[in-house]
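For reference, the chains in residue letters:
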Amino acid sequence: MDQLNSKVPQGKLEEKWDKYQANAKLINPANKRKLNIIVVGSGLAGAGAAATLAELGYHVDCFCFQDSPRRAHSVAAQGGINASKNYRHDGDSVWRMFYDTLKGGDFRSREANVYRLAQLSAPLIDHFTAQGVPFAREYGGVLSNRSFGGVQVERTFYARGQTGQQLLVAAYSQLSKMVEAKKVSMYTRHEMLELVVIDGKARGIITRNLVTGEIRAHNAHAVVLATGGYSRVFRLSTLAIGCNGSAIWKAHKKGAFFAAPSFTQIHPTALPQSSESQSKLTLMSESLRNDGRIWVPKNKDEKRKANEIPEDQRDYYLERRYPSYGNLAPRDISSRAAKERIDAGHGVGPLKNAVYLDFKDAIKRLGIQTIKDRYGNLFSMYKKITGIDAYQEPMLISPAAHFSMGGLWVDYELMTTINGLYAIGEANYSDHGANRLGANSLLQASIDGYFILPNTINNYLADIVKEEVPSIDHPEFQKSINEVRAHIDRLLSIDGKKTVDHFHRELGNIMWKECAMSRNQEGLIHAISKIKDIKKDFWKEVKVTGHDKEFNQELEKALRLADFLELALLMCEDALQRNESCGAHFREEYQSSDGEAQRNDEDYSYVSAWKYLSEDKFELVREQLIFEYVKPTVRSYK
Amino acid sequence: MKINFKIWRQENIQTKGAFRDYQLDGINEDMSLLEAIDFLNEKLVLQGEKVIAFDYDCREGICGQCGIFVNGRAHGPHDNVTTCQVHMRSFKEGETIVLEPWRAKAFPIVKDLVVDRSAFDRIIQKGGFISAGTGSAPEANSILIGKKEADKAMDAAACIGCGACVATCKNSSASLFTASKINHLDHLPQGRIESYDRTISMVKQMELEDFGACSFTGGCEIECPQSISISQIARMNNLFMKALLKKE
Ligand SMILES: Cc1cc2nc3c(=O)[nH]c(=O)nc-3n(C[C@H](O)[C@H](O)[C@H](O)COP(=O)(O)OP(=O)(O)OC[C@H]3O[C@@H](n4cnc5c(N)ncnc54)[C@H](O)[C@@H]3O)c2cc1C
Ligand code: SF4
Ligand code: FES
Chain X
31 MDQLNSKVPQ GKLEEKWDKY QANAKLINPA NKRKLNIIVV GSGLAGAGAA
81 ATLAELGYHV DCFCFQDSPR RAHSVAAQGG INASKNYRHD GDSVWRMFYD
131 TLKGGDFRSR EANVYRLAQL SAPLIDHFTA QGVPFAREYG GVLSNRSFGG
181 VQVERTFYAR GQTGQQLLVA AYSQLSKMVE AKKVSMYTRH EMLELVVIDG
231 KARGIITRNL VTGEIRAHNA HAVVLATGGY SRVFRLSTLA IGCNGSAIWK
281 AHKKGAFFAA PSFTQIHPTA LPQSSESQSK LTLMSESLRN DGRIWVPKNK
331 DEKRKANEIP EDQRDYYLER RYPSYGNLAP RDISSRAAKE RIDAGHGVGP
381 LKNAVYLDFK DAIKRLGIQT IKDRYGNLFS MYKKITGIDA YQEPMLISPA
431 AHFSMGGLWV DYELMTTING LYAIGEANYS DHGANRLGAN SLLQASIDGY
481 FILPNTINNY LADIVKEEVP SIDHPEFQKS INEVRAHIDR LLSIDGKKTV
531 DHFHRELGNI MWKECAMSRN QEGLIHAISK IKDIKKDFWK EVKVTGHDKE
581 FNQELEKALR LADFLELALL MCEDALQRNE SCGAHFREEY QSSDGEAQRN
631 DEDYSYVSAW KYLSEDKFEL VREQLIFEYV KPTVRSYK
Chain U
314 MKINFKIWRQ ENIQTKGAFR DYQLDGINED MSLLEAIDFL NEKLVLQGEK
364 VIAFDYDCRE GICGQCGIFV NGRAHGPHDN VTTCQVHMRS FKEGETIVLE
414 PWRAKAFPIV KDLVVDRSAF DRIIQKGGFI SAGTGSAPEA NSILIGKKEA
464 DKAMDAAACI GCGACVATCK NSSASLFTAS KINHLDHLPQ GRIESYDRTI
514 SMVKQMELED FGACSFTGGC EIECPQSISI SQIARMNNLF MKALLKKE
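So the sequences go chain by chain: X and U.
Each residue of the first sequence is one higher than the one before, starting from 31 at the first, in my numbering.
Each residue of the second sequence is one higher than the one before, starting from 314 at the first, in my numbering.
Treat the hints as calculated values from the structure; they're not laboratory data.
Among these hints, one or two may not hold up.
[To be verified] Using 35 Å as the maximum straight-line C-alpha spacing, the simulated DSBU-like pairs for lysine-lysine come out as follows:
| hint | chain 1 | residue 1 | chain 2 | residue 2 |
| --- | --- | --- | --- | --- |
| 1 | U | K460 | X | K527 |
| 2 | U | K319 | U | K460 |
| 3 | X | K335 | X | K390 |
| 4 | X | K414 | X | K509 |
| 5 | U | K460 | X | K562 |
| 6 | U | K517 | X | K543 |
| 7 | X | K579 | U | K460 |
| 8 | X | K333 | X | K46 |
| 9 | X | K570 | X | K527 |
| 10 | X | K394 | U | K460 |
| 11 | U | K483 | X | K414 |
| 12 | X | K394 | U | K363 |
| 13 | X | K231 | X | K37 |
| 14 | U | K517 | X | K64 |
| 15 | U | K465 | X | K284 |
| 16 | X | K528 | U | K405 |
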């Protein structure tokens with residue numbers, strides 16, 4: 031059986047990262063110039079890593095499938111980024127942030143990683159400020175903060191409703207600087223379709239140029255995957271349409287273990303689905319919960335408009351069930367509470383699939399101008415999409431698939447179980463455990479790319495600095511190219527009767543029903559057999575028009591869906607194996623009499639890392655979680 | 314709804330393109346315009362035809378990747394909105410909707426409605442950054458920036474790089490885009506140090522890329538999904554003049 035070595039350094043929690051850095055190997059600058067690193071992805075994690083590695087002297091090849099690196103999905107984050115600066119003197123500290131994050135993740139993440147996340151948060155804000163991120167400021171010129179779901183201190187920094195965009199633009203501008211300096215070769219509209227492993231080491235990738243269809247091999251001393259989250263497996267999600275799991279899935283099939291695949295965060299404040307034809311769900315920033323109050327009518331058959339329903343006939347269910355956190359309860363809890371009310375028949379809106387998010391009281395208390403200052407762009411976006419003026423009547427919101435806590439298993443150095451293959455940002459499984467706290471993801475993606483990877487990758491490269499990288503004529507590269515071609519040819523030759531979107535809708539429906547907000551054994555077993563059927567049907571009946579040597583978006587979609595169909599199986603397996611409820615993973619069989627999740631630390635205090643055996647066989651390898659500094663407690667937000 | 318589409322089809326940059334007509338029934342008015350094209354594309358696939366290529370990613374109005382000329386307007390019938398945020402309720406039953414790609418020399422057509430906007434990236438590469446290295450940053454609050462100035466930086470920084478300003482401009486000028494990038498960094502003490510060099514080299518690159526000159530027609534401000542004000546251009550020009558004088 032495989033062993034997992036997390037490589038967490040010995041010593042005190044507070045000193046682990048410093049100690050690691052002090053002991054890590056160094057590479058002399060003259061040698062760095064000779065080393066080539068592939069970074070797949072140009073989101074916050076990828077762009078930060080590519081720019082910093084180039085700055086250190088390495089040569090970097092960076093890839094993204096969008097037309098410009100500045101459009102990676104990090105761009106969409108609105109709410110903010112966490113950092114424990116304690117500017118407010120409201121009791122924040124590295125320790126408290128560490129504790130909040132560990133607890134928020136339901137004690138399913140590694141202490142040492144989470145501590146490092148909190149530790150590096152403060153310098154990250156300094157770093158972004160120096161790069162020109164126009165963070166919100168107070169009149170006197172200091173940075174402004176707000177609070178976010180799951181915490182009671184104000185540690186979230188933001189740039190209007192465009193935090194992700196502004197951080198990404200900063201990272202992209204650093205990347206651009208390095209492109210100009212010829213230290214980074216940027217490949218836009220290129221998609222990685224395969225990982226090449228030679229003698230147990232990651233040595234390169236195979237890409238498809240999305241404009242010309244050219245299939246090409248790229249070699250390197252190390253490969254970094256920064257390819258983001260895979261929640262588009264649900265089809266309807268808050269993610270951009272292109273987001274996919276292909277790169278990490280291909281790596282998984284080549285030997286990288288996949289950790290906690292079924293931990294998907296369902297965000298409580300998206301716009302509800304309005305029809306079958308919808309291609310995605312739009313997120314309304316969680317920051318709205320700072321001032322908005324969430325409720326549903328007490329009466330199931332309520333016919334009146336929201337504003338006509340008197341106070342005593344409204345159920346502010348979050349405030350009722352979680353009096354100390356109220357509307358700021360973490361995402362998993364808020365989403366599930368909404369689902370519970372909707373399932374019980376209290377949902378609102380035309381499809382009765384939503385709840386109200388009401389600003390009436392906040393407007394009364396703070397005045398409309400303050401609300402406009404804080405959330406104006408969100409309100410106008412809401413109006414654009416729904417035609418409703420949320421200053422006048424409550425918004426309709428609904429839970430939606432959002433963030434994948436799962437991803438490739440990585441050790442403390444962010445290396446996967448394949449030597450020389452790293453995974454950073456949302457593509458890895460690391461600091462968020464079973465549930466991510468709001469505004470912690472931009473943070474994780476950024477520190478992974480800017481601060482951690484550039485310090486840990488040397489440790490590996492120092493050992494192989496003298497090794498020759500196999501050329502792209504190596505038989506393994508050629509074999510991979512041939513496999514990619516065969517895979518594409520097979521897809522194009524099916525010429526069936528159903529579209530890619532048809533299959534994606536089918537997959538999304540079953541995943542949303544059985545492997546999202548709550549799961550049970552029966553449903554998961556049913557889902558597994560259903561997904562197998564969809565997959566079989568897909569490979570018999572899908573129709574992709576056009577050919578390979580052209581810009582062919584249908585083919586791109588089909589290739590991504592083929593991988594989602596395989597990944598979805600593992601997600602269900604993982605959910606089925608974990609007989610407990612924790613964070614985003616709510617198994618209906620394991621709940622208390624009042625409907626709260628029941629964790630089982632005795633038997634499940636581990637990270638599930640899955641090894642790929644064959645298309646529907648995976649082997650579970652456990653990384654036992656050891657809590658030296660914090661005693662896991664029942665996660666109560668009451 | 315029943316809608317007639319007139320859509321620009323073009324295989325690639327080498328071939329000539331032409332409009333083609335499509336009739337589509339069964340559209341619901343809550344669909345976004347892009348979802349209506351998805352819907353049309355599914356029909357085309359089933360008929361064995363190639364899909365209409367168009368750009369998009371976030372479909373939330375923030376990534377800047379979408380961009381179609383709709384009935385003669387960049388990003389469609391509304392002011393200050395991206396294409397992905399246009400919904401079918403904005404059109405009338407039986408209407409003919411004409412879709413074409415951004416037209417500008419600096420934005421070559423990739424296929425159908427997709428253009429190549431990498432000229433924007435090259436403008437940024439010429440100085441649209443602060444040359445601070447990683448790990449060398451001072452404490453963020455050690456340099457105070459008043460709210461008003463920070464807000465101005467943010468107003469300019471809001472540009473999403475969609476290219477509507479270029480597409481709508483009769484000169485195909487990229488001035489609004491370039492100005493917002495330059496002004497964003499110039500409003501911040503961290504960025505101001507390099508302002509003059511940045512301004513000169515970015516403006517120079519903009520000219521090299523075959524964008525036209527700005528004649529202050531103002532269309533860009535109306536179509537810009539981020540409502541970036543044309544006064545940004547005036548500010549850039551002012552900075553450019555100062556930079557030239559300073560260089561002497
Ligand atoms: C709507 C929304 C709002 C959010 N708001 C917040 C928030 O307020 N605060 C917060 O902390 N987090 C937020 N998040 C989460 C956060 O934005 C993401 O987790 C984070 O940005 C991920 O960054 P990343 O660099 O890992 O990946 P991404 O930014 O997704 O980048 C992925 C990159 O990989 C490339 N790529 C992918 N596959 C391939 C391939 N096969 N070949 C080549 N390139 C590939 C893409 O082109 C892209 O460049 C939000 C997420 C969403 C969806
Ligand atoms: S200035 Fe406005 S229209 Fe031009 S690229 Fe930026 S966001 Fe788009
Ligand atoms: S698709 Fe991202 S702005 Fe329209």
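Cross-check of the supplied hints:
{"no.": "1", "hint": "U:K460 to X:K527", "in the structure": "violated (58 Å)"}
{"no.": "2", "hint": "U:K319 to U:K460", "in the structure": "violated (48 Å)"}
{"no.": "3", "hint": "X:K335 to X:K390", "in the structure": "holds (14 Å)"}
{"no.": "4", "hint": "X:K414 to X:K509", "in the structure": "violated (50 Å)"}
{"no.": "5", "hint": "U:K460 to X:K562", "in the structure": "violated (56 Å)"}
{"no.": "6", "hint": "U:K517 to X:K543", "in the structure": "violated (55 Å)"}
{"no.": "7", "hint": "X:K579 to U:K460", "in the structure": "violated (52 Å)"}
{"no.": "8", "hint": "X:K333 to X:K46", "in the structure": "violated (59 Å)"}
{"no.": "9", "hint": "X:K570 to X:K527", "in the structure": "holds (9 Å)"}
{"no.": "10", "hint": "X:K394 to U:K460", "in the structure": "holds (25 Å)"}
{"no.": "11", "hint": "U:K483 to X:K414", "in the structure": "holds (28 Å)"}
{"no.": "12", "hint": "X:K394 to U:K363", "in the structure": "violated (55 Å)"}
{"no.": "13", "hint": "X:K231 to X:K37", "in the structure": "holds (18 Å)"}
{"no.": "14", "hint": "U:K517 to X:K64", "in the structure": "holds (33 Å)"}
{"no.": "15", "hint": "U:K465 to X:K284", "in the structure": "violated (49 Å)"}
{"no.": "16", "hint": "X:K528 to U:K405", "in the structure": "holds (30 Å)"}
Violated hints for the displayed structure, listed by number in ascending order: 1, 2, 4, 5, 6, 7, 8, 12, 15.
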